[in-house]
Amino acid sequence: MKLPSRAAALVAPSLIACLTAASGMPAARAADARALPSVDMEATVKAAQIDPRRSDDALTPGAKASVLLVERALRDRHLLDAKWVDGYFGSTTIAAFAKYQKSLGFTGLAANGLPGKASLTRLGAGRFTLTRTIGPGARVSVGGGVIDTRTRSMLAEAKRLLGRDLVLLQGSYNRGGDPTSAGTHDGGGVVDISVKGMTPATRTAVVRALRGVGFAAWVRSPDQAEWPWHVHAAAINDTDLSSQAQHQIGDYYLGLNGLAGRGPDDGPRVTIRTWEEYRRR
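Using our numbering, you'd call the opening residue of the sequence shown number 1 and step up by one each time.
Calculated directly from the structure, the hints in this document are not laboratory data. Treat the hints with caution; some may be incorrect.
With a Cα cut of at most 25 Å, we get these calculated DSS-like pairs of lysine-lysine [unchecked claim]: (1) K99 / K117; (2) K83 / K99; (3) K117 / K102; (4) K64 / K83; (5) K83 / K102; (6) K159 / K196; (7) K64 / K117; (8) K159 / K117.
Put together the whole structure using the sequences plus the hints.
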């Protein structure tokens with residue numbers, strides 16, 4: 001039966017209301033969810049690694065809008081002074097975010113100031129949604145060490161590109177395990193790789209492959225510190241990174257070597273990308 005136009009006009013809103021109610025979400029709430037701005041988590045985490053290491057006030061490309069949303073939320077919780085709401089995820093914003101994470105009861109790596117999915121979601125409730133979410137995954141045992149599943153996938157792809165195995169000297173989550181590591185292995189995403197039997201050209205090829213899939217990576221020599229020849233690699237945008245590893249990645253983006261002296265990058269030049277960016281190529 002075809003309803004008269006006047007009756008149809010009355011039924012349509014009622015039908016929409018019924019369908020919305022059946023989905024378990026009130027119409028007003030559904031409209032609010034659609035209206036919320038979004039935070040690009042990938043870009044925000046990247047900015048949180050790079051911006052604190054800058055000597056200038058340049059913004060990380062593609063991150064400003066998302067960082068502003070995060071900073072405004074921190075400001076409204078009285079954790080960040082209004083003068084720092086500038087789209088620059090510097091050390092002051094890192095400290096404010098860490099304070100917020102601790103206010104949620106998070107500790108350790110979950111309160112490292114690097115925006116994780118759980119803390120970003122809580123901060124954005126009613127304010128913003130998340131897009132391009134990322135996470136380290138579960139911890140797994142590999143070659144006698146512990147790494148997260150995101151890092152394991154990255155290593156597997158680097159091995160495939162190289163056509164050879166990579167032997168770990170040290171994994172992640174190894175707090176205090178090696179004093180020469182200066183805390184970089186305390187969190188996730190960081191590994192040391194053996195170069196035993198490799199020629200200089202092969203060592204460089206390993207670093208190039210690791211960089212290509214989303215690691216900040218360098219060949220380390222005994223001339224730099226009291227350690228053996230090895231390759232050191234830190235997974236960009238791993239949200240379990242220790243603060244020291246975060247600094248290494250920021251320096252990598254800025255053309256530096258990731259060491260305390262902040263010398264020039266001595267590794268092969270590649271397009272810098274995260275694991276997620278590599279997979280979207």
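How the hints compare with the structure:
1. Straight-line distance between C-alpha atoms of K99 and K117 comes to about 16 Å, which keeps the hinted pair within the 25 Å bound.
2. Between K83 and K99, the direct Cα distance comes to roughly 18 Å. Compliance with the 25 Å bound is thereby established for this hinted pair.
3. The suggested pairing of K117 with K102 holds, with an alpha-carbon distance near 15 Å, which does not exceed 25 Å.
4. Only pairs whose Cα atoms come within 25 Å are accepted, and K64 paired with K83 is accepted, the gap being roughly 15 Å.
5. Our distance criterion of 25 Å between C-alpha atoms is met by K83 and K102, whose separation comes to about 23 Å.
6. With a C-alpha separation of about 16 Å, the suggested pair K159 and K196 falls inside the 25 Å cut-off, and the hint holds.
7. For the hint linking K64 to K117, the alpha-carbon distance of about 18 Å falls within 25 Å, and the restraint holds.
8. For the given pair, K159 sits about 29 Å from K117 by alpha-carbon distance, which is inconsistent with the 25 Å threshold.
Consistency note: the structure conflicts with earlier hint 8 alone.
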